[in-house]
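2 protein chains.
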Amino acid sequence: MRQTQLFTKTSKDNPADELAKNAQLLIRAGYIHKEMAGVYSILPLGYRVMEKIIGIVKEEMNAIGGIQMKTSALQSKDVWEKTNRWSDDVVDNWFKTTLKNGTEVGLSFTNEEAYSNIVKNFVSSYKDLPLYPYDFKTIFRNETRSKSGIMRGREFYWKALYSFSADEAEHNVFYEKAKEAYTNVYRRVGLGDFTYMTFASGGTFSKYSHEFQTVSEAGEDLIYIDEAKNIAINKEVLTDEVLAELGIDRATLVEKKAIEVGNIFSLGSKFSEPFDLTYKNAEGTDVPVFMGSYGIGVTRLMGTIVEVLSDEKGIVWPESVAPFKVHLVALGDTVFEKAEVIYSELLKHNIEVLFDDRVGLSAGEKFADSDLLGMPHRIVVSERSLAQGGVEYKKRDSSESTVLSTEALITMLNA
Amino acid sequence: MRQTQLFTKTSKDNPADELAKNAQLLIRAGYIHKEMAGVYSILPLGYRVMEKIIGIVKEEMNAIGGIQMKTSALQSKDVWEKTNRWSDDVVDNWFKTTLKNGTEVGLSFTNEEAYSNIVKNFVSSYKDLPLYPYDFKTIFRNETRSKSGIMRGREFYWKALYSFSADEAEHNVFYEKAKEAYTNVYRRVGLGDFTYMTFASGGTFSKYSHEFQTVSEAGEDLIYIDEAKNIAINKEVLTDEVLAELGIDRATLVEKKAIEVGNIFSLGSKFSEPFDLTYKNAEGTDVPVFMGSYGIGVTRLMGTIVEVLSDEKGIVWPESVAPFKVHLVALGDTVFEKAEVIYSELLKHNIEVLFDDRVGLSAGEKFADSDLLGMPHRIVVSERSLAQGGVEYKKRDSSESTVLSTEALITMLNA
Numbered sequence: 522m523r524q525t526q527l528f529t530k531t532s533k534d535n536p537a538d539e540l541a542k543n544a545q546l547l548i549r550a551g552y553i554h555k556e557m558a559g560v561y562s563i564l565p566l567g568y569r570v571m572e573k574i575i576g577i578v579k580e581e582m583n584a585i586g587g588i589q590m591k592t593s594a595l596q597s598k599d600v601w602e603k604t605n606r607w608s609d610d611v612v613d614n615w616f617k618t619t620l621k622n623g624t625e626v627g628l629s630f631t632n633e634e635a636y637s638n639i640v641k642n643f644v645s646s647y648k649d650l651p652l653y654p655y656d657f658k659t660i661f662r663n664e665t666r667s668k669s670g671i672m673r674g675r676e677f678y679w680k681a682l683y684s685f686s687a688d689e690a691e692h693n694v695f696y697e698k699a700k701e702a703y704t705n706v707y708r709r710v711g712l713g714d715f716t717y718m719t720f721a722s723g724g725t726f727s728k729y730s731h732e733f734q735t736v737s738e739a740g741e742d743l744i745y746i747d748e749a750k751n752i753a754i755n756k757e758v759l760t761d762e763v764l765a766e767l768g769i770d771r772a773t774l775v776e777k778k779a780i781e782v783g784n785i786f787s788l789g790s791k792f793s794e795p796f797d798l799t800y801k802n803a804e805g806t807d808v809p810v811f812m813g814s815y816g817i818g819v820t821r822l823m824g825t826i827v828e829v830l831s832d833e834k835g836i837v838w839p840e841s842v843a844p845f846k847v848h849l850v851a852l853g854d855t856v857f858e859k860a861e862v863i864y865s866e867l868l869k870h871n872i873e874v875l876f877d878d879r880v881g882l883s884a885g886e887k888f889a890d891s892d893l894l895g896m897p898h899r900i901v902v903s904e905r906s907l908a909q910g911g912v913e914y915k916k917r918d919s920s921e922s923t924v925l926s927t928e929a930l931i932t933m934l935n936a
Numbered sequence: 522m523r524q525t526q527l528f529t530k531t532s533k534d535n536p537a538d539e540l541a542k543n544a545q546l547l548i549r550a551g552y553i554h555k556e557m558a559g560v561y562s563i564l565p566l567g568y569r570v571m572e573k574i575i576g577i578v579k580e581e582m583n584a585i586g587g588i589q590m591k592t593s594a595l596q597s598k599d600v601w602e603k604t605n606r607w608s609d610d611v612v613d614n615w616f617k618t619t620l621k622n623g624t625e626v627g628l629s630f631t632n633e634e635a636y637s638n639i640v641k642n643f644v645s646s647y648k649d650l651p652l653y654p655y656d657f658k659t660i661f662r663n664e665t666r667s668k669s670g671i672m673r674g675r676e677f678y679w680k681a682l683y684s685f686s687a688d689e690a691e692h693n694v695f696y697e698k699a700k701e702a703y704t705n706v707y708r709r710v711g712l713g714d715f716t717y718m719t720f721a722s723g724g725t726f727s728k729y730s731h732e733f734q735t736v737s738e739a740g741e742d743l744i745y746i747d748e749a750k751n752i753a754i755n756k757e758v759l760t761d762e763v764l765a766e767l768g769i770d771r772a773t774l775v776e777k778k779a780i781e782v783g784n785i786f787s788l789g790s791k792f793s794e795p796f797d798l799t800y801k802n803a804e805g806t807d808v809p810v811f812m813g814s815y816g817i818g819v820t821r822l823m824g825t826i827v828e829v830l831s832d833e834k835g836i837v838w839p840e841s842v843a844p845f846k847v848h849l850v851a852l853g854d855t856v857f858e859k860a861e862v863i864y865s866e867l868l869k870h871n872i873e874v875l876f877d878d879r880v881g882l883s884a885g886e887k888f889a890d891s892d893l894l895g896m897p898h899r900i901v902v903s904e905r906s907l908a909q910g911g912v913e914y915k916k917r918d919s920s921e922s923t924v925l926s927t928e929a930l931i932t933m934l935n936a
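In order, the protein sequence lines correspond to chains P and X. For the record, in the first sequence the residue sitting at position 412 is 933 according to my numbering, with numbers rising by one throughout. For the record, in the second sequence the residue sitting at position 407 is 928 according to my numbering, with numbers rising by one throughout.
Chain P with its partners taken away, still in its complex shape:
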């Protein structure tokens, strides 16, 4: 894409009303627009990042049997009263609104009830199980304060999958697959080295849930990491009993602040019993379905990548989620013809390129923008590079640059 066709522009100044680094950088770089505290519109560059994260999550969910659908945002009181989660005294972050006839309705803040209420129409026999529906959805949470940019929005975009299994044994098989799928997601979006599967508090049906926590000073959680075992324990469950059970020595643990980028939960029959979501087993007995929940915040993940992988100059996108793989920068009005040829060549080889074809800007301005925007590969076409027989190539996270021919460049980028 040509930068002259991209309507967003960068800004040198941090927005005065943002404390979070992710929001500061994403707003300055033109990836998001703040509508109000905790509510952002996603601009074209940001949307490309979102689409890539969604693509990765979708592949991993489909690989473990997930089946995509789309639940409504508006939710009925009677559905949520079944689990006693309608009242604002019980759930303090509902957004509610009213139909013309005076009926109060809620905006989804989570999805367990919506799914149980749908799935109960289709499950009657053990032959109908297991099943793993999921959706990507805008979620609304009426947070009292919202200061963490797109990491904790009043409105955000997530993926939630719910598993419906015949019993705990069947559930556990899927739960282990989900752990792997989640681990794959964080590795693929570039957070693998910083993200730990973390033991957290469970519920009625399971001692633990599992959070995926990415180490960052911007995190709201405290976790205790066992580097050798590559796992962590959330502060909330850090007791001698838990350490003994997990076979972990307290002395090996390192305390870190971390961002919760996903969680998986065994729910048992907590959300199936209230809906009479039961099935007949092989003996003809009615048994409640055993459920699990598996969430990932797409916009939070995008914010976390910015928090963890940016530097003093701007964002550093991993290739897998970058809006474009390459930033092609034309420096000096005399090289545009040659830059156009290289742009066409890259497109012809299916390489995603943002082409800085803006005229009249200094090298300093273009480099500053390129660093702020954060594409993983930068190619500069200048009189100097052409004199040296090619283009100047640099990785965003490296200070070394080399001069390459277009052919060598394409071979390298497609390697």
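Since the hints were made in silico from the structure, they are not lab data. All the pointers check out, no bait thrown in.
A pair holds if it fits inside one copy or across any two, identical chains being indistinguishable in the list.
30 angstroms max Cα-Cα, derived DSSO-like pairs, lysine-lysine:
1) Lys530 x Lys603
2) Lys834 x Lys887
3) Lys598 x Lys533
4) Lys533 x Lys648
5) Lys621 x Lys778
6) Lys801 x Lys698
7) Lys555 x Lys579
8) Lys641 x Lys533
9) Lys555 x Lys617
10) Lys603 x Lys621
11) Lys533 x Lys801
12) Lys603 x Lys617
13) Lys579 x Lys846
14) Lys834 x Lys648
15) Lys698 x Lys530
16) Lys791 x Lys579
17) Lys621 x Lys598
18) Lys869 x Lys648
19) Lys801 x Lys887
20) Lys834 x Lys916
21) Lys668 x Lys603
Got chain P; can you put chain X on it based on the hints?
Frame of chain P, contents of chain X only:
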């Protein structure tokens, strides 16, 4: 996909609380789930249809320069007050809700203000224009009554593109391209033969807007069609003056009920002036941006396809939007091994197949389900077909069937 892994099931009975054919069929076939009047969750088969419609619309918008983003659902009072559209006395279908601090916020019922408010941050010179951002988004409208299934929801999914041009001449060039793109969409989703570009009332800046109207008894509009010219006039603008202007003879017009499946609108500066969305022209003068709006309801389009293309047995999906191209039906428990081989062959040739691998159902039950679900191509594997040397092939919209070898079948499907 195996039908045994698809958790939804069909139902013989029409839902008692639905009057609209689209809702009746889509609920019976397990494509959608009713949450409340005018609010539906989209089940896996329905989601596959939605994804295909979205894919087609996206391709057509990108082809005319559209650039995708994602605006927020929650909207600020101050933004909508600028155009005097915040008050419930002016806009009677807002859903509103309240932040913890008492601030009232609205849920998007349309998007002009949101876009003007964003775009004004990035436009200053004529060099920044034109631009064509769009998004797919859940839209909320507090309808008093909601009886048309997914054709008029309180919550629905749409695409809206807004054009920002330097002047009316530049706007008109894009407007003509949008007409073509819209015509392409309806042709590609299988509604081309029933859909007319229809002159409707304009506004301050343009005498006409253009609706795309699909002829159907379920429609809420009355249009007057000139078959020879392949255009129509909405009843609301059918005057002698308009007929004269368009060169249409009243005697040639045929009155039909129709469903509005899209509209395009010249907005002029109606939504740019209130936001000071101006640009400096080549002479350095501040000029308001000339806008246009271009909407398509994705869920309405899905409902319209069902209204127009179903028959007494069920839905008849056009191939372009069908959840699966082929319904492979195994009849009788002795043929499953052979059916599995054919299923694998079809998948290997990248043909999307729903495989009815359910055991213990009669041929009548399986055929009824297949007709209700509406995949365009049906393949039956039965002892009889195998004895005749192959599989029985039938189109959903034909009563003729033929016996083909697997090889001949694949060649035909991939032709």
